[in-house]
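Colleague: Sequence:
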Amino acid sequence: MPRYPGFGPWSHLPPWERPGWKFGRGRGWCWWYYGMSREDEIRLLEEEAAFLEERLREIRRRLDELKRE
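Per the numbering used here, the very first residue in the sequence shown carries number 550; after that it's consecutive.
The set of hints was computed from the structure by calculation and includes no laboratory data. Even for Gly, the Cβ is constructed at its ideal location relative to N, Cα and C. It cannot be assumed that every hint is accurate.
[Claimed, not checked] Label-pair restraints from in silico Cβ distances:
#, residue 1, residue 2, range
1, Asp613, Glu566, 24 to 32 Å
2, Pro563, Arg617, 21 to 29 Å
3, Pro564, Ala599, 27 to 35 Å
4, Gly557, Glu597, 25 to 33 Å
All chains should be built: construct the whole structure from the sequences, respecting the hints.
Modeller: Below, the structure is given as structure tokens:
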């Protein structure tokens, strides 16, 4: 596994895949410190479930194509 610069817990990941890259930097402040309202969390989880269901359909469709060949 390639090593990227740094010796932290995410050193095995390239910088653009590390949590700080996506959620921003800031010493001592993590993305989970900011809580969501109940409604926002429900909406977020419903959107994520819909995305995952669509992706699963695509995977099953591709598996069927490969099995037919």
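Colleague: Hints first: check each against the structure and report whether it holds.
Modeller: Verification of the supplied hints:
1. Asp613 - Glu566: 24 to 32 Å: About 31 Å separates the Cβ atoms of aspartate 613 and glutamate 566, which means 24 to 32 Å holds.
2. Pro563 - Arg617: 21 to 29 Å: violated, 37 Å
3. Pro564 - Ala599: 27 to 35 Å: Holds, at about 30 Å.
4. Gly557 - Glu597: 25 to 33 Å: Holds: the Cβ-Cβ distance is about 27 Å, inside 25 to 33 Å.
Of the hints listed earlier, the one the structure fails to meet is number 2.
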